[in-house]
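Number of protein chains: 2
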Amino acid sequence: MSSPRRVILREVGPRDGLQAEAPVAVDVRVALVEGLLAAGVRHVEVASFVSPKAVPAMAGAAEVVAAVGRPAGVVRTALVPNRRGAELALDAGVDELTVTVSASETYSQKNVHMSTEESLAATASVCALASASGVPVDAVLSFAFGSPYEGDLPPEEVATFAARLVDGGATTITLADTTGMATPRRIDEALEALTAGDAGDVLVFGGGPIGLHLHETRGTGLLNLYAGFQRGVARFDTSVGGLGGSPFAAGAGGNVATEDAVALLDDLGVETGIDLDRLLIVSADLERAIGRPVPSRVAHAGPRTRRAEG
Amino acid sequence: MSSPRRVILREVGPRDGLQAEAPVAVDVRVALVEGLLAAGVRHVEVASFVSPKAVPAMAGAAEVVAAVGRPAGVVRTALVPNRRGAELALDAGVDELTVTVSASETYSQKNVHMSTEESLAATASVCALASASGVPVDAVLSFAFGSPYEGDLPPEEVATFAARLVDGGATTITLADTTGMATPRRIDEALEALTAGDAGDVLVFGGGPIGLHLHETRGTGLLNLYAGFQRGVARFDTSVGGLGGSPFAAGAGGNVATEDAVALLDDLGVETGIDLDRLLIVSADLERAIGRPVPSRVAHAGPRTRRAEG
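Quick note, the sequences are listed as chains C and H, same order. Going by the numbering used here, the first residue of the first sequence is number 1, and it counts up by one from there. Going by the numbering used here, the first residue of the second sequence is number 1001, and it counts up by one from there.
Hints in this document: simulated from the structure, not taken from any laboratory. For glycine and all other residues, C-beta sits at the position ideal for the given N, C-alpha and C. It is possible that some hints are incorrect.
[What the hints assert, rightly or not] Within a straight-line C-alpha distance of at most 25 Å, the following computed SDA-like cross-link-like pairs (lysine to any residue) qualify:
(1) H:Lys1053 / H:Arg1006
(2) H:Lys1110 / C:Arg306
(3) C:Lys110 / H:His1300
(4) H:Lys1110 / H:Arg1083
(5) C:Lys53 / C:Leu90
(6) H:Lys1110 / C:Lys53
(7) H:Lys1110 / C:Thr305
(8) H:Lys1110 / H:Asn1082
(9) C:Lys110 / H:Pro1303
(10) H:Lys1110 / C:Gly302
(11) C:Lys110 / H:Lys1053
(12) C:Lys110 / C:Ala20
[Claimed, not checked] Computed list of chain C residues with no C-beta within reach of chain H, every gap over 10 Å:
(13) Arg5
(14) Arg6
(15) His43
(16) Lys53
(17) Glu96
(18) Gly169
(19) Asp267
(20) Pro293
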């Protein structure tokens, strides 16, 4: 078992981070994305093409995408809830779509008003549309490590969901720990089920690198990122400042903070392309934009190299 | 490299946890210890025999020790700053002393008004006294993973400090990450320097199990506990609720929360002897005693098995 030398941190701050906040103006969201890119972020979820009535903070998604433009070497992702959202996102010209399928039947029924079966079908429909435009789709399996509704999800069911998503046209799979139920052991078991023991420098499923989307609900997000990394996961969703968490899921907490992940990976000699000092400036700007401290500890304590004053 | 099957969590909440809080009455501190013991804690730092002028929250140390009594199978530890404190603690009848030596010369001079050399000599004097009473001494090396004053501490210097502490009579050694500068890599390097590559189920130094005392300043305490555990460390200091942090060190943060550690270790099938549900009751009582929420995420989110209501 060897760990990746290079890790992709897909920045979800402009979407997952801000979606539950009081709405932030489009130009501030664009400046956030630009700050992230200047810090070295190369993969960013810029917006969500959802109903502005359902998620007011995500209004103006097309404007955000247009204003960000097409910076070289950058993957601009948008979350879409359905085929209509996918059409809008593809029209806006994003480079990747993310779709979420809930492994929790209860959550799915309650919040998306679809069964997981219907959600899988809707995802396949989005994938068909994206494929016609040559745009990849990352399918995010939420509650992949259990839900507060049904409890644990057996690893073989995670693998079944993932296989069905790939069969439905998903390019890559991301396992999401929506409410902080993942642990190093559960991550091991899920990865084992997905890869059937195949080991490599980078764990893949369906031809693409497996992603992890982790939350700090129980203070284990960064720990789980480390556990996944040790086992060969080379792609993680993180959010600048550690903002985020589903506005709809009981007991959700913020995402793993990008600065916390970069600090950890830097120290391990793993390349992320992100400059921590520049990222901390973005994080401080974000605090001003939302008007309260971000949850990230590194945002406040600074890099481990920071010296005491006086 | 195999991980321990059983881990000792030395509970430092009644000392490190409360020392920086507004003083809590002796009977409440005794009730805290009793609650912890009822939850299965078997090793607890009950008090600090320091000047009540310097640390008002630790006044009444002898009364706490007396009221706790001598429960069977329990190790009651007290922190002592010097020979006078050791005399008082030994008179009170504790089972173990902890002494702290700062690896940071600047911190030592600033806060203990001794050089590290003088501090090593003072520790040897405490060890001689304790040894005459047959009481073990755990020497805690603070800033073992660097300090905000001098920066990184080379691993070979950690090993030299540890060797000198054992030469001076310390029974066991605990490496403390006083300001959250430890990382999995730094822990690896320090353990490697201490054990010279010796591997076993449980890492030892000077004949006793190596301990880690970790803080959440940069949100890496639990992660570092996991990293240390993976490498064979079987003894950790944790604090119920995640309270704590030196009142004197720049940028200190709370200790690893005992409930967070128990939740992680339970899931890994590692025995701690501590019942998480009972511990969460103690943690809730502690919040009432200090009048504010504790930092632990698990204290609020509950065990991963907690279900959503309704």
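Pairwise hint evaluation, H:Arg1006 against H:Lys1053, where the allowed Cα distance is 25 Å at most: Measuring from Cα to Cα gives roughly 39 Å; hence the hint is violated.
Agreement of C:Lys110 and H:Lys1053 with the hint, judged by alpha carbon distance not exceeding 25 Å: Violated: C:Lys110 and H:Lys1053 sit about 57 Å apart, past 25 Å.
Reported absence of C:Pro293 from the contact zone with chain H (all CB gaps over 10 Å): Its Cβ never comes within 10 Å of chain H, the nearest being 13 Å, so this holds.
Agreement of H:Lys1110 and C:Thr305 with the hint, judged by alpha carbon distance not exceeding 25 Å: Distance of about 20 Å is within 25 Å: holds.
Pair hint outcome, H:Lys1110 versus H:Asn1082 [Cα-Cα no greater than 25 Å]: holds (16 Å)
Straight-line alpha-carbon gap H:Lys1110 to C:Arg306, limit 25 Å: holds (19 Å)
Agreement of H:Lys1110 and C:Gly302 with the hint, judged by alpha carbon distance not exceeding 25 Å: holds (23 Å)
25 Å Cα cutoff - pair C:Lys110, C:Ala20: With a Cα-Cα distance of about 18 Å, the restraint between C:Lys110 and C:Ala20 holds, given a limit of 25 Å.
Status of the stated non-contact between C:Arg6 and chain H (beta carbon gap over 10 Å): holds (17 Å)
Status of the stated non-contact between C:Lys53 and chain H (beta carbon gap over 10 Å): Given a closest Cβ separation of 24 Å, the condition holds.
Separation of C:Arg5 from chain H, once the least beta-carbon distance is taken, above 10 Å: holds (14 Å)
Given pair status - H:Arg1083, H:Lys1110, alpha carbons within 25 Å: holds (20 Å)
Going through the hint list in order, the structure does not satisfy hints 1, 6, 11 and 19.
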